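Build out the structure end to end from the sequences listed, making use of the hints.
Single-letter residue listing:
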Amino acid sequence: MCGIVGLFLKNPRLEPELGRLTATMLSELRDRGPDSAGFAVYGNAKPGIAKVCAVAAGLGLAWSDVGERLAKAICADVAVEVIEDHGIFSTTGDGEAARTWLIGNVPEVTVLSQGRSIEIFKGVGDPDAVAARLGLAARSGSHAIGHTRMATESAVTVAGSHPFSTGQDTCLVHNGSLSNHNRLRETLKRHGEHFQTDNDTEVAAAYLAWRTREGDNLRQALERSLCDLDGFYTFVVGTRDGFAVLRDPIACKPAVMAETPDWVAFGTEFRALAELPGIDHARIWEPQPATVYAWSQAA
Amino acid sequence: MLARNSTLDLARLSVREVNRLLHDADRGEFLIKNPRGLHAIAAGLDAPLDVTIAGHVGYYCAGMNKHATVTIAGNAGTGVAENMMSGRVHVKGDVSQSAGATGCGGLLIIDGNASARCGISLRGLDIVVKGSVGHMSAFMAQAGNLVVLGDAGDALGDSIYEAHLYVRGKVKSLGSDCIEKDMREAHKAALAGLLEAAGLAGGIDVSEFRRYGSARKLYNFHVENLGSY
Amino acid sequence: MSGDDPWIHTPPRESAIFDRHAIAEIHRAAATGIYDIRGFGAKRKLPHFDDLLFLGASMSRYPLEGYRERCGTDVTLGTRHARKPITLRIPITIAGMSFGSLSAPAKEALGRGASAVGTSTTTGDGGMTPEEREHSSLLVYQVLPSRYGMEPDQLRKADAIEVVVGQGAKPGGGGMLLGQKISDRVAEMRTLPKGIDQRSACRHPDWTGPDDLEIKIQELREITDWEKPIYVKVGAARPYYDTALAVKAGADVVVLDGMQGGTAATQEVFIEHCGLPTLAAIRPAVRALQELDMHRKVQLIVSGGIRGGADVAKALALGADAVSIGTAALIALGDNHPRWEEEYRKLGTTAGCYDDWHEGKDPAGITTQDPLLTQRLDPVLAGKRLANYLSVLTLECQTIARANGKSHVHNLEPEDLVALTVEAAAMAQVPLAGTDWIPGRR
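Protein chains in written order, with this note's numbering: chain A, 1 to 299; chain B, 1001 to 1229; chain C, 2001 to 2442.
Pairwise CB distance ranges, derived in the manner of DEER restraints:
| id | chain 1 | residue 1 | chain 2 | residue 2 | range |
| --- | --- | --- | --- | --- | --- |
| 1 | C | Arg2441 | A | Glu68 | 41 to 51 Å |
| 2 | A | Asp262 | C | Gly2179 | 51 to 61 Å |
| 3 | C | His2408 | A | Gly192 | 57 to 67 Å |
| 4 | B | Leu1013 | A | Arg20 | 23 to 33 Å |
| 5 | B | Ala1189 | C | Gly2195 | 22 to 32 Å |
| 6 | A | Asp280 | B | Arg1210 | 35 to 45 Å |
Simulated from the structure, these hints should not be mistaken for lab results.
Everything numeric in this text was worked out from a predicted model, so none of it was measured.
All C-beta atoms, glycine included, are put in the ideal place defined by N, C-alpha and C.
Next comes the structure, spelled out in structure tokens:
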């Protein structure tokens, strides 16, 4: 059980404010998600550069050593930016190859994301403290998704926090509780997905990743998930160009959206949106159940 | 003791402090500013106060209201006026899920749209929605009236008991044991009364509404109805 | 012919799988086309408190003198957030049971008995009757999915509020009251037509999930000016997670009801095949509280099959702050008493087995609305019986506690216990008697 926020900027002049606005939204949902928090920020994409984000168990990791080993392994330049216990590897090489190498060769880290634009950060503890520690307010970009977690049937760990990566530049956050994720996990393992936690959301993320590899676009994958996933859910999916929203057919878990000429926002509770600039004149509505909504920069 | 006719600012006072002040008052007009989606604002009122909230509220605004008149100049979150007993709650904007849930009496007016489960388990409250209502509205509604000028979503009145439903627009689908029923003169009169109480007197033709209610086939278990369970 | 040879005899052999109960149930289902509905809790044999034993005093552990040396039994509930926590003189409460499922004299008797010994009763699905409030010195008011009878004045009159997520007999099922028990008064209280088969909702109408429960609890506190302790009651399903989530949602007290917990009416299949035994639920719930540093700060009340003072003591030793009784309280009032044997026979049962509480024909006048039957229960005498029984539970619990060297029943701990079976040892996380082996621990 959790809180979700999403902010998608239509007006590029707000991009330097993205992190600050997202942090403010996230803070309003601390009460319903006190255990841990995470966020995906999309921005600072440079042509030809892939980014891989990872988190270590503590502050003692020699990130630059890891970066050097990675550079040798994938035969490309690698730079590392260290933020607390997180490292962002930027490389001219293949991002997927970098991700795979890190997973296979550096057991001390959990890989969080891979892509041109996406950066994922996660931490255990009070969401305000996590956001402050990881410098969310200072980050800029075109869109962001944040999540505060109240763990239901799995442990409170960094790896168990949302967002979960579902492929290059995509990620998933979830509010609710799936009821058939255990069997689905076994099926997805047989389709080649790997799991790091016992978390139901990780299963939903792997499901989307699998459908994407099978050739579905995001809308098709989400529509198919209505048949294959059981339980209560509000999903927000981040993509390179935008985001998507889906609520289950019973739609007990809340969801509010707001839109102005400058931005589109999502919040589990309205109060997360209450401080956004222009909220007083925004169009406010609730997504319908069993309906895929999607926004994209390209549109 | 709070002066009558006060402005209470939720940017400076907590919800708990505002509610305590309202609970201590026995009458008066109050304006609540800066609600910013906070929860349980003006919950548990028990006196004929006149409260206006200038902005959007969170969950359970005016929950279990008795005697008071509460006006929300904005949208309301889940469960607005849930279990209200009497008095009048008027939302100028839209409302989220479970508006008027388990309400027992009084009048709830929604100028905009309501989302899912409007009037769930209604127990005597009257709800008038000028816009449309979402799916599972009037689920297990026991008593009272739900009037919808717009459309209704899927499964309207599923497992309904004796509440009366009047819808002017389209009903996407009816729930288990809910059927369309005759609009007789008595129903038209009752509907006219509800519309007038909601400030919609004149200009609305009650014959444009259809009445829905219980088929009463699921009141006692019969194995022939297995498909409906 | 085998029939002629006197040495050959074949006693009838009953199948353990298709026993008489299973065969009767199949015949009944074939005849009616509906699931079987009954009251009471799970009846089949389950690992329970009988599989645990206290160690008592010995060379290393010294007992307290009975009567002369104090053994405290009081418990305070709601210290986390409530402005007015409630203090019980004994660690045993009366569980939620509705007026509707029970007769008015029965509810009155429960109130009289509980008040006489300084403990609380609880309303049920249907709201608070004035008699109930009058006769109970401490009254806990349930907020259930159905919300029958729910109204703010009753909320304000209560001493504590219990948000019901579920109960042990049917974790995931709503209340059920069949037509024969929906009298005029019950129908009016519940705003239902008389004589229908009431089946309550199983989810709350205006919240789903602990994140939204937190906001609901906030609303209940606002309506009652933060005065009252707020309990969250769950059936034993995922007790570790459920307890942690109740704490995170802001509960002052967690009430945990095992599958032996009774009900007035539900499907037999629910009672016997859903939910954990009480014994299996307690340690995980306590562990969740300890990990959140909330043990004793958020109190834990355990129910489901509490019968005697030993059960009370064992539940407390495993970490509960108090226990709650439902079925046992009705039996103390007179349910299933052999004096009505002739009438039980007419109903197709016998004293000790009567569980068709949903039919409303209770000869003891307890689980019925029939005025000819309810007048058989004298609420004053029945209240005295309940008070006697509660006193015995308390004395027995104190006897055990003193023998284990405790000056307060809350000082009972798991290390005072051993188990007689491997299952009980694993569930209660105490060693098998005579060994230091706890299954599942290295």
